[in-house]
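Mind docking chains H and C on chain A? Use the hints.
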Amino acid sequence: MSDSISPNRRSFLKSVGVSSLAVASAPVWVQAIQAAPVDDTQQSLQPGEQRITLKVNGQAHTLNVPANAILLDVLRDRLQLTGTKKGCDHGQCGACTLHVNGTAVNSCLSLAVSHDGDEITTIEGLEKDGKLHPVQEAFWEHDAYQCGYCTSGQIMSAVAILNDPSIGSDDSSVREAMSGNICRCGAYKNILAAIQSARGKVKGAS
Amino acid sequence: MRSFQFDRAASTEQALKAGQSNQAMYLAGGTTLLDLVKLDVMQPERLVDINRVGLNRLERQDDGSVRIGALVTNTTLAQDNYIVQAYPVLSQALLAGATTQLRNKATTAGNVMQRVRCHYFRDNVSPCNKRKPGSGCSAIEGDHRSVHAVLGTSQHCIAMHPSDMCVAMAAIGATVHVQGPKGERTIDFLDFHLRPGDTPEREHALAPGELITYITLAPPLANSLSGYLKLRDRASYQFALASSAIIVQLQGDRITDARIALGGVGTKPWRAHEAEQSLRGQPANDETFRRAAQLALQGATPYRHNAYKIPLAQQAIVRNLQTLTGGVA
Amino acid sequence: MNDIIGAGPRRVDGRLKVTGHAQYTADHGLKRMAYAYGVYSTIASGRVTRIDVDEAQRMPGVLGIYHHGHFTELYRPPKMKLNPDKIDRLVKVDESRLPFEDDRVYYAGQFVAMVVADSFEQARAAAYKVKVEYKEEPALATLAQAKRVQSPKTAGSDYSRGDPQAGFDKAAHRIDVTYTTPVETHNPMEMHATTAYWEGDRLFVYESTQSVIVHRNTLARIFGLSPDKVELQSPFIGSGFGSKLWAWPHSPATCAVARLVGRPVQFVVPRPQMFTTTGHRPATEQRLRLATDDQGKLLSVRHESVNSTSFTDQNTESCGSVTKSLYSCPNLAVTHATLQVNHGTPTSMRAPGAAPGLFALESAMDEMAEAIGMDPLAFRKLNASTRDESKDMPWSSNHLQEAFDKAAAKFGWDKRTPEPGSMRDGHEIIGYGLAACNWDAMRCACEARVSLRADGTAYVTCGAQDIGTGTYTIVAQAVSKITGLPLEKITVQLGDSSFPPGPVSGGSWATASVLPAVAEATRDAIEQLKSFAIEDGPFKGADPKALEFTNGRLVKGNDALGFGHLLTTRRLSSAEGEARTQTADKSDVSIRSFGAHFVEVRWDPGISRLRVSRVVSAIDVGQVINAKAAANQVEGAIVMAIGMAMFEATHYDERNAMPTNNDYAEYVVPVHADQPPELDVILLDYPDYALNEFGARGIGEIGITGLAAAIANAVYHATGKRIRDLPITLDKLMDEVPQTV
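Chains as they are written, first to last, in the UniProt record's numbering: chain A, 1 to 206; chain H, 1 to 329; chain C, 1 to 741.
The following block holds chain A by itself, in its conformation from the complex:
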């Protein structure tokens, strides 16, 4: 699938086109990014590589990856699922948070080969049939971001927290539970408001 992106003038413009901000045009682009599954079965394994299957947002990919490939980088560089961000690469910021088998983890501290067979949900997998997840909707409505770079991680943590009955519903419990997601823009007040407003809308939606 990486062949669909080519470094020439046309593709430069193409990527510009896809980041168009016309609200109406966004879904078209979204479909473009959720491309066909990757299947490396026909590629011979290179020295040091292992073949793994990752089920990402419901789609199974078979990948030949080096043992030292990090899950975050494989999602971004091999599957072009760039919604998950790298903010520190060392488990110190939370921008790379995604769900492995339903649990929120830092993907920057995960080897891809350790996740053979795992079900992974990234920010791109929350939207269902063109309908935003209630937490996504709430973040949009409450202006729960500024630059948007930590937003994917914030939302993935928020979804997990709202689905976790052991985490209290009061503001200070949510603040503590969300503290693994740094927002340098400081949109914490709005993020909290978004999470609390999505409470009760999440069950059955995810």
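Just so you know, the hints here were simulated from the structure itself, not pulled from any lab data.
There may be inaccurate statements among the hints.
[As the list claims (entries may be wrong)] Taking lysine-lysine and the BS3-like style, the derived pairs with C-alpha atoms no more than 30 Å apart in a straight line are:
no., chain 1, residue 1, chain 2, residue 2
1, H, Lys132, C, Lys131
2, C, Lys628, H, Lys132
3, C, Lys129, C, Lys31
4, C, Lys628, A, Lys201
5, C, Lys135, H, Lys132
6, A, Lys128, C, Lys628
7, C, Lys628, A, Lys131
8, C, Lys131, A, Lys55
Relative to the frame of chain A, chains H and C by itself:
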């Protein structure tokens, strides 16, 4: 990041076998190991993934104690109903550590095995006796405000042990079960972590190739109250500047027994036996608490930027005791 | 016309942000893209004597290793003065030394080599195998060390009026105090990144930048190209806070290696090097001498500031710029000077000058009030300026007194008992503090293009960028206001150097600069539309001036025609409008934003815990364009200011100037749990038409100014301890810290 051979073990036996090769390391949650491999501070030739060897059970024993599988995550352990009820100090300590998503990955054995946060250790350049024995300690005369110790330090290393969980376990009392090429053995939790002394590169009592399989907690102290108090600059997501794990048994307003361990101030999870002894049989009041706090830190060595940790740790003891005993509003 | 200006519509780019589809620089994957990783100096001063790449070169996937002596010839960008009227022609870097230019090392974490490989891990692994030998020289780690061996170098921005010394000498009350602030690092969540490729002599770059135009111009100069040979895009930026204003060495280095390996190359600055090679707020030492008469009127103010800079460039932190005019005082002097240390070159960080400067001034105002025995609020209200005494001009719009009153009322300042430590709640001692906040109001030249299209939509392009402040959305709001189109029918494109040149997103001037150009271009498009309308149809032969444009339709009397319909029937694709707007006329008026912060802290002496529990801020930033995004800006600035006040300091080892907390674990910034439970922002919302037709000034920086002083003042009120050295960490507030040997 360097290349390494990767093996996923399906059983403890497989893991042990793979773990015998030169420069093999066991990979659990990865929150310490991959962090340090990325920095090239840890340099494994081979990683043995033990996440699926089945050591992820949490079992209550007949005597009320608990056997914790090495791979039980920090989240699972912290949220377990029995742990919350019988060992509040452990649940609180776990929840005070790291972040939600890191606790979801981090395991019990991995938490025990975590490395120090000293910048000179992590930068892979500065002299560091832990990383390169004999090269010197950069921290003693350098920056050591936040993640360095005042207890158990030596002229060769002053890095603090960063765990919260281990501080609670040190207070509770625990046994580390390990398997190695020579079979199984147990190590008292208080003997597991080593003071730096002359050999700061030796951090724990594991022999090469040995694998932690379980940690067994001592049965809960009867009729006790327990709690963890962690003090730090920001309100969350920071290693302790000082913390206390305290278990106290009261009869009326008199303390009959107590356990105290400290975090953020020791080169290992720091049990304060003398302070505990001073509490036994004494009335639960501020004078008693302050005396215990004094004793707990009496052997501390203040360094240029972290001397404040001595009174701070004392505060962590006094307030924790006040709160547990209800002695002060 | 509609009421879209000042409303709080959700962001037009919000859907892309909440779905992960907003593409930041490192999200652009290109076919055959290679990855670069840096090798960074492990000394802070000296020379590189040898670079051994043998082992690294043989590692799998390695395409090339570049360093001094093995690199492309580049040109230095010229030093140019920032002219707001010609900002589209600006070329600027903070670190004038080009990457790998010589064998000198000026700071730790300086690029000494760059490795390119097929994958990110391969590049990183090989970079670790590059062996660099150095001849190390003594390094200066701190301002204090530099002060011992250097004389401060004046920055050439001194100012004085009256006779400050005489005013001081004759005063009834005086203070003479010195404050320090440490190096702070921006640490935007998105690490700096460059993705570059060449097609012949044309260079295409994705860059995380606060100015696609200036960055484009700068790269063109460095590579000796005409600017039209360089195209730079930055559709989304993971914020910058000043660190992404101008190009840092990684950017030309990445472009150069992309040409050398003949493939697209992506480079991301690792977080530790975000502390070394992409700028920081310098350390400052500020001496404040204030004096009043016996009634509390200021008689003399002197603000002398020295800041750290690098050995390659002089960058001044203009701490005294606010001091010149915030309060009324007949005798006043402000000086700025620098000292050189072995750090990378400092740069602007959110509210440069004002953030550290107001920490000092507004702390000193409290100390002065106490010396007189006055309430700190009453003292400020008494001395607030009624005109800009530094320029001898009236203020265009200054509502500081109202900001003080409104915030004080909402906060409950009247419940404060003046004695330090006198307000208690259980274990905690409560402290109340306040400070004024203040920021310049600027405007730059800007161009924009607006198309009214046959499908009934509007399409806007401008070579500005949205760094997270909401520029996409407010541009759509401006077009909506003029055309009556709903936001869904307006497409805004920013962050592309091929668009009509827009300003730098910095200095809180983007809104004030971009909106007038967009409005003018929209009206220009409507004029063209009218010219089409009078050729045929119901408006044939009409005077264009008689045609009104409302709600997307041309109207005259009872006749109305939607513009989409008009264009479609004429088989025209669009009506096009363009505009260039210039800076505001400031020849007879001084334009700034004013406000006030009130802070409640809680100090628990039993566990040495300090927390900010409540903030009420009232700020006048002119007309608010988007209520949601505007409040968000101030709230976020307050969070960053809490970090500045209580946590943030980049540390350098005093022995060798190596950074010792350059990661996100040890450089402590506020997390969710540090958010004050109560945070109220009141925006006074007085349009200031002196700056532009929208009456908007700008909102990104003012929130961070003054807040650290408000916290320091509250801490004093709680603890009786006056902390003059940021950050106010718990160890500075503790009693009985033992002495060390």
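- prompt: Checking against the hints above, which ones are violated?
  reply: 2, 8
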